[in-house]
Amino acid sequence: MLQKTYLQTLKKSLHTYAEKRRDVIKLSGDALHLSKRAIFSMHRGDMKEAEIKLADAKKLLLSVHTKFKAVPELLTEGSYHAGMEEYVEAALLHQFLKTGKLGEELKGLDVPRDVFLAGLCDVPGELYRYAIRAATEHNLDLVNACNTMAQDIVESLTEFEFTKYLRTKFDQAKQAAHKLEYVVYEVSLRS
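The number in the numbering used here is simply the position in the sequence shown, starting from 1, with 1 added.
Hints in this document: simulated from the structure, not taken from any laboratory.
Keep in mind that this is a model prediction, so the values were computed, not measured.
A portion of the hints provided could be inaccurate.
[What the hints assert, rightly or not] Cross-link-like lysine to aspartate or glutamate pairs, in silico, DMTMM-like; alpha carbons within 25 Å at most:
1) Lys68 to Asp115
2) Lys99 to Asp153
3) Lys102 to Glu74
4) Lys37 to Glu106
5) Lys27 to Glu78
6) Lys13 to Glu78
7) Lys13 to Asp24
8) Lys99 to Glu138
Let's have the full structure, built from the sequences with the hints guiding it.
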């Protein structure tokens, strides 16, 4: 006869974990969505709205960390890392647009190394998009600032020995930086 007591304990544990995991997925997905909307707001020039969305995304990510720190396995979920990665990208873009600098550690949020680096690798793509908008407005200084930052990011990341996912992200950063060089070239021909 099969002893089911232990199996029932495992079933209950797995069910509880699945419920918590769904909560992590929901909150992380909401944070990812808010971060994307913050980026879109920055591209539209609405920094106030972007800052509100960034603050809301950060609150959600902090709530996931606080609520589930007793179950570290949940904090390695792909959805949580994806939400944090998008937040890092948005927060770094915001740093650049506000100060002309970026790359500082994000205060108040425990971001794993690989997640931060992946978010940083996405920034040149956003700088490319931002530079396109600046070029249409004939703002050559901003186009050049975006290009300089993208080149600095890629140059700094070249020092890392990325593999797997981060290698793919780094290759995308290089492609965006290359496209940005082309924008600078095209704008310089027309000025």
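Subject >> Given hint Glu74 paired with Lys102 - CA-CA distance at most 25 Å >> reply: Measuring from Cα to Cα gives roughly 34 Å; hence the hint is violated.
**OP:** Could you grab the alpha-carbon distance between Lys99 and Glu138 and see if it respects the 25 Å cut-off?
**Re:** Judged against 25 Å, a Cα distance of about 19 Å means the pair holds.
Original post:
Are the Cα positions of Lys68 and Asp115 separated by 25 Å at most?
Top reply: Status holds; Cα separation ~22 Å.
Subject >> Pairwise hint evaluation, Glu106 against Lys37, where the allowed Cα distance is 25 Å at most >> reply: Satisfied, since the Cα-Cα distance of roughly 20 Å is no more than 25 Å.
Original post:
Under the criterion that the straight-line Cα-Cα distance not exceed 25 Å, is the pair Lys13, Glu78 satisfied?
Top reply: holds, 20 Å
Original post:
Quick one, are Lys99 and Asp153 close enough, alpha carbons at most 25 Å?
Top reply: This hinted pair holds, its Cα atoms lying about 17 Å apart.
Subject >> Proposed proximity, Glu78 with Lys27 (alpha carbon, max 25 Å) >> reply: holds, 12 Å
**OP:** Below or equal to 25 Å on CA atoms is what counts here, so check Lys13 against Asp24.
**Re:** Between Lys13 and Asp24 the Cα gap is close to 17 Å, so the pair holds against 25 Å.
The structure does not agree with numbered hint 3 stated previously, though it agrees with all others.
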